[in-house]
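**Q** Each chain, letter by letter, is given below.
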Amino acid sequence: KAGVTQTPRYLIKTRGQQVTLSCSPISGHRSVSWYQQTPGQGLQFLFEYFSETQRNKGNFPGRFSGRQFSNSRSEMNVSTLELGDSALYLCASSQTFNTGELFFGEGSRLTVL
Amino acid sequence: GQNIDQPTEMTATEGAIVQINCTYQTSGFNGLFWYQQHAGEAPTFLSYNVLDGLEEKGRFSSFLSRSKGYSYLLLKELQMKDSASYLCAVKGYGQNFVFGPGTRLSALP
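If you read the sequences in order, they're chains A and B.
The first sequence maps to residues 1 to 113 in our numbering.
The second sequence maps to residues 1001 to 1109 in our numbering.
Don't read these hints as lab results, they were simulated from the structure.
Glycine is no exception: its CB is placed at the ideal position from the N, C-alpha and C atoms.
All clues stand as given, with none of them false.
Short, incomplete list of chain B residues facing chain A, as computed with Cβ under 10 Å: (1) PHE1033; (2) TYR1035; (3) GLN1037; (4) GLU1041; (5) ALA1042; (6) PRO1043; (7) THR1044; (8) PHE1045; (9) PHE1097; (10) PHE1099; (11) GLY1100.
Work out the full structure: start from the sequences and follow the hints.
**A** Structure follows, in structure tokens:
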């Protein structure tokens, strides 16, 4: 069974640009959540999607958005990038909402210059 | 809201028993999870407690006391490959996972 796949793995952007990150969950998993990981803040929850609906949202500005498609694949978008957005963005999938362990992808490492 | 606290760093010798503590405050509780994250890699699931008591899984065990808002992860026979960050995470019912800051464990020969 293939694991969680995130693309791209690495990317460099400049301030003011926008970025879209993609996540394909494990086959059969319907819940996808996104996290931002930085050395100072640890793992911070961004949002969680289940059946194409956002179920929970973390304390991030509106520049951070996401969506989930009917095949459970998910994307997150960050607009008007700031230097502080440089981080590892991790996607995790689970079989269903509100239960179960998380299976993480390798992450997308974003550097904003 | 939810607040989770863990020691920042720990060091132990190969073969030792290591206990990593986690304290939490939460408005709802639907499980406490432990994840291991090696440097540069994704977190991987280690163990899960929803009821009080000890859950054993090979060299790893996890304990939970819901009344005290306390959990620990116990690593027996520490190996060099156990050098990693250990993340405590709490899930509230209908809520997202909240992760602690992580404990960076270094195993010394």
